[in-house]
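Asks: Sequence:
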Amino acid sequence: MGIKELTQPLQLAYIGRNFDLLVDEATHAKMPYAEFMMGALAKELEQRRGNRVQRRIKEGRFPYKKYLVDLDLEEYGIDVRGEIEELARLDFIADKENVVLVANSGRGKTHLAIGLGIAACLADKRVLFTNVPNLVIELKEAMSRNAVTAFKNKFLKYEVVIIDELGYVSFDTEGCDILFNLISNRLSVGTMIVTTNLAFEEWETVFKDPHLTGALVDRISRCAHVLDMSGKSYRFKETKSWLMKKGKLNSDGQAG
Numbered sequence: 702m703g704i705k706e707l708t709q710p711l712q713l714a715y716i717g718r719n720f721d722l723l724v725d726e727a728t729h730a731k732m733p734y735a736e737f738m739m740g741a742l743a744k745e746l747e748q749r750r751g752n753r754v755q756r757r758i759k760e761g762r763f764p765y766k767k768y769l770v771d772l773d774l775e776e777y778g779i780d781v782r783g784e785i786e787e788l789a790r791l792d793f794i795a796d797k798e799n800v801v802l803v804a805n806s807g808r809g810k811t812h813l814a815i816g817l818g819i820a821a822c823l824a825d826k827r828v829l830f831t832n833v834p835n836l837v838i839e840l841k842e843a844m845s846r847n848a849v850t851a852f853k854n855k856f857l858k859y860e861v862v863i864i865d866e867l868g869y870v871s872f873d874t875e876g877c878d879i880l881f882n883l884i885s886n887r888l889s890v891g892t893m894i895v896t897t898n899l900a901f902e903e904w905e906t907v908f909k910d911p912h913l914t915g916a917l918v919d920r921i922s923r924c925a926h927v928l929d930m931s932g933k934s935y936r937f938k939e940t941k942s943w944l945m946k947k948g949k950l951n952s953d954g955q956a957g
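Counting in the numbering used here, the sequence shown runs from 702 upward without gaps.
Keep in mind that the hints were calculated from the coordinates and are not lab data.
Some clues are possibly wrong.
Lysine-lysine pairs mimicking DSSO-like chemistry, simulated, CA-CA at most 30 Å apart [to be verified]: (1) K744 with K853; (2) K705 with K759; (3) K766 with K853; (4) K797 with K759; (5) K855 with K841; (6) K909 with K759; (7) K933 with K853; (8) K909 with K797; (9) K744 with K731; (10) K826 with K853; (11) K826 with K797.
Construct the entire structure; sequences and hints are all you get.
Replies: See below:
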């Protein structure tokens, strides 16, 4: 029986694929048997961790990859920068605290949310990214298939759920009720990261009912990091810089 046949039922895929190379390296290094075994198992474990992280990121359904290191912290005030640096430690996930990122468009809310989500995946946490319009559509489709319970249970299994673009699109009464119930059920289970262009007092425009909205805001904000990231859009600044490089704008921001 060969090494592949021995390693396959033990699910030691890395050792099975690389056994000859590992033996050659150990032979040239005159490595003791115990050290060779420990090294081979360590590489197997490292490979599994890497594969699991990639699965976490794929399952997260991120629209694109953004990393915390790429976020320009100089765009924000010292208080917001401090909050972002604290969030980057990911302690809020273990504490089941929520994060609410409030700002106008182009201020990096989604970048920060995705960056935190991918950092959580790298820490072996289960993460789901969704935006509000798609979430409501998926829930309505689940209702039409009588599969709402299964959808909600799936939604509850993640340690972090990112809900993007709350407030950018309005819904009918059914959509508001669905979204309200889903978020309410999620609150006691794990962390949510919400990005929105609306201050809390404006959430009633999304959920319609002032009493239900007040209860939801109270529960979300009770154990939450609330970051006001408002200001001039750095996305516009990046676009302007690109246009200047292409000669389409002069240094005064006027068309060239």
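Asks: Could you tell me which of the hints above the structure violates, numbers in ascending order?
Replies: 1, 6, 7
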